[in-house]
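Protein chains: 2
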Amino acid sequence: MTISSFVPPHRTLMGPGPSDIYPQVLQALSRPTIGHLDPLFIGMMDELKELLKYAFQTQNDFTIAVSAPGSAGMETCFVNLVEPGDKVIVCRNGVFGERMRENVVRCGGEAIVVEDDWGTPVSVSKVEQAIAQHPDAKILAFVHAETSTGAVSDAKTLGALAKQHDMLTIVDAVTSLGGVPLLVDEWQLDAVYSGSQKCLSCVPGLSPVTYSPAAIEVIKSRKTTVQSWFLDQSLVLGYWSGDGKRSYHHTAPVNSLYALHESLVLLKNEGLENAWQRHKDMHLLLREGLEKLGLSFVVEEQSRLPQLNAVYLPEGVDDAAVRTQLLEEYNLEIGAGLGALAGKAWRIGLMGYGARRENVALCLKALETVLK
Amino acid sequence: MTISSFVPPHRTLMGPGPSDIYPQVLQALSRPTIGHLDPLFIGMMDELKELLKYAFQTQNDFTIAVSAPGSAGMETCFVNLVEPGDKVIVCRNGVFGERMRENVVRCGGEAIVVEDDWGTPVSVSKVEQAIAQHPDAKILAFVHAETSTGAVSDAKTLGALAKQHDMLTIVDAVTSLGGVPLLVDEWQLDAVYSGSQKCLSCVPGLSPVTYSPAAIEVIKSRKTTVQSWFLDQSLVLGYWSGDGKRSYHHTAPVNSLYALHESLVLLKNEGLENAWQRHKDMHLLLREGLEKLGLSFVVEEQSRLPQLNAVYLPEGVDDAAVRTQLLEEYNLEIGAGLGALAGKAWRIGLMGYGARRENVALCLKALETVLK
Chain A
1 MTISSFVPPH RTLMGPGPSD IYPQVLQALS RPTIGHLDPL FIGMMDELKE
51 LLKYAFQTQN DFTIAVSAPG SAGMETCFVN LVEPGDKVIV CRNGVFGERM
101 RENVVRCGGE AIVVEDDWGT PVSVSKVEQA IAQHPDAKIL AFVHAETSTG
151 AVSDAKTLGA LAKQHDMLTI VDAVTSLGGV PLLVDEWQLD AVYSGSQKCL
201 SCVPGLSPVT YSPAAIEVIK SRKTTVQSWF LDQSLVLGYW SGDGKRSYHH
251 TAPVNSLYAL HESLVLLKNE GLENAWQRHK DMHLLLREGL EKLGLSFVVE
301 EQSRLPQLNA VYLPEGVDDA AVRTQLLEEY NLEIGAGLGA LAGKAWRIGL
351 MGYGARRENV ALCLKALETV LK
Chain B
1 MTISSFVPPH RTLMGPGPSD IYPQVLQALS RPTIGHLDPL FIGMMDELKE
51 LLKYAFQTQN DFTIAVSAPG SAGMETCFVN LVEPGDKVIV CRNGVFGERM
101 RENVVRCGGE AIVVEDDWGT PVSVSKVEQA IAQHPDAKIL AFVHAETSTG
151 AVSDAKTLGA LAKQHDMLTI VDAVTSLGGV PLLVDEWQLD AVYSGSQKCL
201 SCVPGLSPVT YSPAAIEVIK SRKTTVQSWF LDQSLVLGYW SGDGKRSYHH
251 TAPVNSLYAL HESLVLLKNE GLENAWQRHK DMHLLLREGL EKLGLSFVVE
301 EQSRLPQLNA VYLPEGVDDA AVRTQLLEEY NLEIGAGLGA LAGKAWRIGL
351 MGYGARRENV ALCLKALETV LK
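These protein sequences, in sequence, are chains A and B.
Note that full-length UniProt numbering gives residue 105 to position 105 of the first sequence, counting from 1, and the numbers run on in steps of one.
Note that full-length UniProt numbering gives residue 39 to position 39 of the second sequence, counting from 1, and the numbers run on in steps of one.
Source of the hints: derived by calculation from the structure; they are not laboratory data.
Please read all numbers here as calculations on a predicted model, not as lab measurements.
Among the clues, some could well be false.
Since the list gives no way to pick out one identical chain from another, each pair is judged satisfied if it fits inside one copy or across any two copies.
Straight-line distance between alpha carbons at most 25 Å, and here's what the computed SDA-like set of lysine to any residue pairs gives [what the hints assert, rightly or not]:
hint, residue 1, residue 2
1, 344, 42
2, 344, 271
3, 220, 101
4, 223, 123
5, 365, 273
With the sequences and hints as input, model every part of the structure.
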């Protein structure tokens, strides 16, 4: 078997991520690798922390990128904050809420599940009830933007509710960061993780995370050792910390961090508010076209994420056949349904660099032709 | 604070890794991102498995790349194979043996440490004694090529010893893969992990791993759930598996996997034996020059890794000042000592693409000038 270089085609990525990557980010990615303890690299990491603080709208000192995909970012928050026996209220309204529950259990915690239908936001009143029933719960965990359904939940209200009851929050912002308002400090969120490959339009493989001083306090006062060596934030901090000499923990993914830095420079130059508005504008344009094609949204209007548009398949349409045709004839990727929505819905992403007029036009025209 | 694009200089990387990256690998890295469930990407992953099997010299079906650096590869092997209460004999002759011990403890296992001096290989007779004292030990864990000292251990003999006693082996091959002989099947090794950023000369951030059928059997018959969701190989297998539909686990680091694929194509084209010989030749050339400069090796000749040359600092030389001068004046990175060798030794890497005559020449001339 002779294997030669892999040369991928140019796809337009309008699924749930990875999203279309900024050309500047791909350029940054292939710049010469330097050492992970090189003073110039450490300077770059300091800038990266500042840029991430801007993206998260936080002053949290401990704002870094985990050297692995968003799922590892999720696990990082859980393994560092949950100790065996801890009670965690987990809101489940899609795939990623269930993954949070799995994480709690694997940390030896007790998960109290607040269930909502797929496609609906987390119910604040149900969370209130759960807190009333479990006043000893330590953490409230929820997904801000459910990538499996396209529903956004009210992170501001949930954050305030947790603070009223002296609970920490763990928040999944994988799909929200950079696409819709996310104000970590103003909303009083404690441990928030995201992914590089959604609205930041960077390559997949990194997970930005930020921890409030209250979360850091809990990490520092743990009674048990974090079960993961790789994700133990007290060890990682020695490498990312701004003061003095950096201590070696693991070899940082140097080139991927160049790419993340570049994507955040682009976000900062555009301005967060402008990026949010652009996502909204493109969503409205896409919505208009999809509705003209007779497609209807899974999520009610007030809870729709502009960057992830889940629409039901029209009657009698072959899910896989349509997606294959879009891919083969138009080099266009849209997402399949996941979990409860598998075979029933498509997920059309308008994330980061992908939230452009030309992408909307391509998607609408291609879908129109294929569905005829 | 205005932050603009980060443009690194071109360094010659002769530390303990990341190593000099092949230009073709950087090119592959920046090819257009496609979806992680795209049929073309899945085809690339199948090729990648074949290429990894060649590099590891194994027929193991379950041979993949963990979506995170080598330390996560280490943790993957331990969390999947060690259950609470399991006894693991861990050989410690440097930083990474100690990290293995940490992993055993964090998995709830009992670590029996076999201690050897830094810079010496693992003592086979000490391991025999430990096995005799602990016949109920389930796993023997050791580092094939200690990156902190440059010593290679006899993985073949240790592998056979473990099999005689019906034990599994977990082997750290982070620095050995592609640089010195590593014959996973012939040596009967069970769970072997490596890193992308050493002798493969790919960017840092991925960890190739391979599991023997015996290791898979142990994973499948676990009584407890793997403590890590992200690293749970029974879940990951659904994505990497060759048969039928791929199930989503996490978003693969698409571009980094392009790069790994390219680096392995280059290794296959060169041929493993040729790559091993090139590392040896360049090591002999470097050694000759270093000895002329009056530098002496930390490791005895018969246990020296050609790709990682640890030499003692000459009397009265300022460690950091020399390394800074090399970096600033020659754009040359050599490695500092780690752990017990901090401030006492340098580590000069000749890994993968870095094992070239021009690198040896630059290093020797620059060192000669700076040390004058």
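Looking back at the hints listed earlier, which ones does the structure fail to meet? Numbers 2, 4, 5, in rising order.
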